[in-house]
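Trainee: Listed below are the residues making up each chain.
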Amino acid sequence: MSSEAIRLERLGKQYRLGEARGAFTYGSLRDTVAQAASTSWRRLRGAAPARREVPTLWALRDVSFTVAPGEVVGIIGRNGAGKSTLLKILSRITRPTVGTAEFHGRLGSLLEVGTGFHPELSGRDNIYLNGAILGMRRAEIQRKFDDIVDFSGVRAFIDTPVKRYSSGMYVRLAFAVAAHLEPDILVIDEVLAVGDAAFQKQCLGKMQEVSRTGRTILFVSHNMPAVTRLCQRALLLADGAVVQDGPAEQVVARYLTSELGTTALREWASDDPAAPGNEWVRLRAVRVVDEHGHTVESVDVRRPVGIEIAFEVKRGEQPFVPGIALMNDQGSAVFSAMDTDPRWRQPCEPGRYTSTAWIPGNLLNEGTIVASIALGTFTPGGKTLRHATANDAVAFQVIDPGEGGTARGDYAGVWSAPVRPLLDWVTERSTRP
Amino acid sequence: MSETSLPVTRVVPPTGWAELRLAELVEYRELAAFLVWRDVKVRYKQTALGVAWAILQPLATMVLFTIVFGRLAGLPSDGTPYPLFALVGLLPWQVFAGSLTGAAQSLVGSAGLITKVYFPRLVVPLASALATLVDFFVASIVLAGLMAYYRVMPTAAVVTLPLFLALALTTALGVGLWFAALNVRYRDVQYVLPFFMQLWLFASPVAYSTSLIHSPLARAVYGLNPMAGAIQGFRWALLGAPPPGVLLWPSVAVAAALFLSGLFFFKRMEETFADVI
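So the protein lines, in turn, are chains A and B.
Take the first sequence: its letters are residues 24 to 456, numbered as in our numbering.
Take the second sequence: its letters are residues 94 to 370, numbered as in our numbering.
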């Protein structure tokens with residue numbers, strides 16, 4: 024009885040780098056012969072043969088994890104972190120240098136859309152060819168042929184050579200074949216990077232459908248909202264090692280905030296001269312909090328989230344109005360806000376204050392939000408006197424778990440714009456013609 | 094949910110020994126068939142003459158050989174008309190040369206597949222080699238026509254023809270596998286290949302007859318070229334030329350050695366293809 028679909032044990036993969044040479048390594052025959060000759064010549068002269076250290080790189084190091092059947096796992100990390108190498112080993116395209124990988128059942132890998140498509144062949148022929156390459160039986164392809172063609176939406180051109188297809192048609196046909204592969208384990212590498220928004224929507228929809236049928240999926244992507252929506256669990260790879268393994272939204276949040284260099288909590292010691300502020304007021308801490316007051320790196324789009332500002336008033340001769348300004352990961356301003364409470368019209372008493380701005384649920388869009396903080400005073404001339412500013416003080420992720428109850432509805436595609444409020448829609452049907 | 098029924102696949106580091114895993118090759122026979130079908134279907138796409146090329150090539154070479162070697166050099170042709178003699182030599186030669194060259198270049202030509210999908214890599218050169226058989230069968234029609242024209246009937250030995258075809262193919266695959274695996278590392282192979290095939294053509298009895306070599310010892314040595322045995326076999330089976338005799342066993346032995354060594358070398362290098370190609 025096995026409760027694992029995939030098990031990796033201390034998996035490692037070493038690559039030789041660049042112009043490494045030696046018998047049966049890289050390079051042309053001439054170089055190998057020349058090197059062999061020079062080594063023999065050195066030996067002949069009694070000199071020690073020159074030992075050339077071949078520069079190597081561990082693309083994967085000591086990677087161990089297991090995946091349960093039916094789990095959908097996202098693999099994230101920067102370019103070069105080892106994500107693709109991991110998938111290549113699981114797909115048996117390349118062998119590991121050390122360690123073992125084990126999986127139960129048929130594994131289908133989709134490292135590229137349209138592998139083995141031949142431009143001269145018709146769409147029909149390519150469905151068969153590509154299906155066979157992906158590991159489908161002929162009878163299986165025959166059975167699914169009509170579904171594949173319908174899914175691709177290129178029925179009118181099915182007997183045209185694919186070299187005459189537009190790139191969009193090509194990609195749709197290729198994905199249609201792959202989408203009808205029914206392996207026990209599906210391994211997907213960044214296929215969503217190609218194609219337009221409509222195609223991405225179709226891909227994500229299909230993947231959601233596949234994941235609901237209880238298949239195990241490993242999914243590499245740079246599309247973080249997609250990872251959090253599709254995967255329960257995520258692995259963060261850095262320099263070939265797994266640095267975090269846990270619930271997708273936490274791992275994604277940690278990855279994104281570490282990429283930004285900003286986290287959900289920022290504190291300054293009380294004697295820190297670098298703390299934002301002046302002789303009147305200084306910032307002590309900024310936190311992103313949930314309804315229970317816990318610091319959170321990520322928040323469900325449907326739940327409110329608070330930006331908590333702790334500051335210390337040293338000279339209470341002026342009022343200090345707290346304000347926030349939010350920006351998304353595209354650098355677009357989301358909104359800015361300040362506390363309009365009349366108390367901030369009066370000079371503050373010296374002491375410690377904590378002020379939290381609550382952002383309601385179903386207002387922000389998915390993705391990374393970076394918050395900047397300011398404490399200011401309005402002067403009688405209509406100007407603002409800024410006492411303390413902390414740009415990009417904290418960041419957090421807004422996540423749509425795809426359970427409904429959001430402005431997304433059942434749409435799975437890309438959703439741009441800084442905010443995504445859930446509005447009340449009222450529709451009336453006019454009875455007049 | 095019970096997962097015990099699902100087959101377990103283990104991915105481990107290469108052991109250093111070549112594992113042939115031929116059963117897996119059988120499992121992937123449909124892929125091999127599809128690749129052969131693709132090669133055949135694509136070969137003469139967007140050409141004006143199409144499959145006629147499969148006929149024109151041996152026919153033109155036959156005409157050239159007849160003029161140069163038959164007329165000008167006056168080489169003997171074992172009592173058959175020289176054009177027929179040349180064509181019976183050219184057909185196995187072209188299937189051999191085509192399979193060998195195709196297999197040798199197949200891996201590098203399929204780099205896109207090899208770096209993206211898993212399957213036994215042996216499928217690729219195997220499919221390339223087999224795809225050239227189609228040309229052979231098409232060209233055989235010309236041969237049948239020419240034999241009818243000269244009123245030459247094949248002898249009863251014609252039933253052995255598939256064996257000599259197999260001898261040529263085995264040799265082609267053996268050498269093709271060596272070159273295919275080497276080509277992944279050393280693209281020099283692409284430059285060596287045409288020259289190499291030209292030398293081998295003249296070392297094989299395509300334009301001339303093996304009856305030029307008399308002593309049994311010299312014939313046995315000449316038989317170390319498997320194509321000597323194969324071509325002589327073709328002429329024996331189709332034209333009633335003397336049987337390959339002492340030529341044959343060295344040919345068979347060398348073909349088997351080339352094939353097995355090629356197979357093991359290929360399997361040994363297989364693990365590195367995706368990383369190096």
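Simulated from the structure, these hints should not be mistaken for lab results.
Values in this document were obtained by computation on a predicted structure and should not be read as measured data.
We put the CB at the ideal spot given by N, CA and C, even for glycine.
Any given hint could turn out to be false.
[To be verified] With a straight-line Cα cutoff of 20 Å, these simulated SDA-like cross-link-like pairs (lysine to any residue) come out:
#	chain 1	residue 1	chain 2	residue 2
1	B	LYS138	A	ILE181
2	B	LYS360	A	ARG118
3	A	LYS167	A	VAL77
4	B	LYS134	A	GLY137
5	A	LYS186	B	TYR137
6	A	LYS337	A	LEU408
7	A	LYS337	A	SER378
8	B	LYS138	A	ARG368
9	A	LYS337	A	ARG375
10	B	LYS134	A	ARG118
11	A	LYS186	B	TRP130
12	A	LYS229	A	SER145
13	A	LYS167	A	LYS186
14	B	LYS360	A	ARG368
15	A	LYS229	A	ALA261
16	B	LYS138	A	ALA413
17	A	LYS337	A	LEU283
18	A	LYS337	A	ASP313
19	A	LYS186	B	GLY202
20	A	LYS229	A	GLU135
21	A	LYS337	A	ALA413
22	B	LYS134	A	PHE180
23	B	LYS360	B	PRO213
24	B	LYS360	B	TRP130
25	B	LYS138	B	GLN150
26	A	LYS186	B	LYS360
27	A	LYS186	B	LEU118
28	B	LYS138	A	SER378
29	B	LYS138	A	PRO142
[What the hints assert, rightly or not] Residues from chain A that keep clear of chain B, each with C-beta distances beyond 12 Å, as calculated:
#	residue
30	PRO92
31	ASP212
32	TRP291
Trainee: Each hint: holds or not?
Mentor: Hints, one by one, checked against the model:
For the proposed pair LYS138 of chain B and ILE181 of chain A, the alpha carbon gap of about 17 Å is at most 20 Å, so the pair holds. As the CA atoms of LYS360 of chain B and ARG118 of chain A are separated by approximately 13 Å, the hinted pair is consistent with the 20 Å bound. A threshold of 20 Å between alpha carbons decides the hint, and for LYS167 of chain A with VAL77 of chain A the separation of about 49 Å lies outside it, so the pair is violated. Our distance criterion of 20 Å between C-alpha atoms is met by LYS134 of chain B and GLY137 of chain A, whose separation comes to about 19 Å.
Of the pairs offered as hints, the one joining LYS186 of chain A and TYR137 of chain B holds, with about 16 Å between alpha carbons and a cut-off of 20 Å not exceeded. Of the pairs offered as hints, the one joining LYS337 of chain A and LEU408 of chain A holds, with about 16 Å between alpha carbons and a cut-off of 20 Å not exceeded. For a cut-off of 20 Å, the pair hint linking LYS337 of chain A to SER378 of chain A stands: about 16 Å separates their Cα positions. The suggested pairing of LYS138 of chain B with ARG368 of chain A is violated, with an alpha-carbon distance near 83 Å, which exceeds 20 Å.
Taken as a hint, the LYS337 of chain A and ARG375 of chain A pair is honoured in the structure, with Cα atoms around 9 Å apart against an allowance of 20 Å. In summary, the hint linking LYS134 of chain B to ARG118 of chain A is not supported, as the alpha carbons are separated by about 33 Å, beyond the 20 Å threshold. For a cut-off of 20 Å, the pair hint linking LYS186 of chain A to TRP130 of chain B stands: about 19 Å separates their Cα positions. For the hint linking LYS229 of chain A to SER145 of chain A, the alpha-carbon distance of about 25 Å lies beyond 20 Å, and the restraint is violated.
Between LYS167 of chain A and LYS186 of chain A, the direct Cα distance comes to roughly 23 Å. Violation of the 20 Å bound is thereby established for this hinted pair. Restraint check for LYS360 of chain B and ARG368 of chain A: not satisfied, since their Cα atoms lie roughly 82 Å apart, outside the 20 Å limit. This hinted pair does not check out: LYS229 of chain A and ALA261 of chain A have alpha carbons roughly 29 Å apart, beyond 20 Å. Distance check on the hinted pair: LYS138 of chain B and ALA413 of chain A sit about 66 Å apart at the alpha-carbon level, beyond 20 Å; violated.
This hinted pair does not check out: LYS337 of chain A and LEU283 of chain A have alpha carbons roughly 32 Å apart, beyond 20 Å. Of the supplied pair hints, the one linking LYS337 of chain A and ASP313 of chain A is violated, its CA atoms being roughly 29 Å apart against a limit of 20 Å. Simply put, LYS186 of chain A and GLY202 of chain B have alpha-carbon atoms about 18 Å apart, close enough for the 20 Å limit, and the pair holds. Only pairs whose Cα atoms come within 20 Å are accepted, and LYS229 of chain A paired with GLU135 of chain A is accepted, the gap being roughly 16 Å.
In summary, the hint linking LYS337 of chain A to ALA413 of chain A is supported, as the alpha carbons are separated by about 18 Å, within the 20 Å threshold. A threshold of 20 Å between alpha carbons decides the hint, and for LYS134 of chain B with PHE180 of chain A the separation of about 19 Å falls inside it, so the pair holds. As the CA atoms of LYS360 of chain B and PRO213 of chain B are separated by approximately 9 Å, the hinted pair is consistent with the 20 Å bound. Annotation: proposed proximity of LYS360 of chain B to TRP130 of chain B is violated, straight-line Cα distance about 24 Å (limit 20 Å).
At roughly 17 Å between alpha-carbon atoms, LYS138 of chain B and GLN150 of chain B fall within 20 Å of each other, so this suggested pair holds. Proposed proximity of LYS186 of chain A and LYS360 of chain B is contradicted: the alpha carbons are some 34 Å apart, above 20 Å. Distance check on the hinted pair: LYS186 of chain A and LEU118 of chain B sit about 31 Å apart at the alpha-carbon level, beyond 20 Å; violated. With a C-alpha separation of about 74 Å, the suggested pairing of LYS138 of chain B with SER378 of chain A is violated against the 20 Å cut-off.
This hinted pair checks out: LYS138 of chain B and PRO142 of chain A have alpha carbons roughly 11 Å apart, not beyond 20 Å. Residue placement check: PRO92 of chain A does not keep its beta carbon more than 12 Å from all beta carbons of chain B (closest about 6 Å). A cut-off of 12 Å between C-beta atoms contradicts the statement that ASP212 of chain A is not in contact with chain B; the least separation is 9 Å. Chain B leaves TRP291 of chain A outside its interface by the beta-carbon criterion, the shortest separation being 50 Å against a cut-off of 12 Å.
Hint check: violations occur at hints 3, 8, 10, 12, 13, 14, 15, 16, 17, 18, 24, 26, 27, 28, 30, 31; the rest are consistent with the structure.
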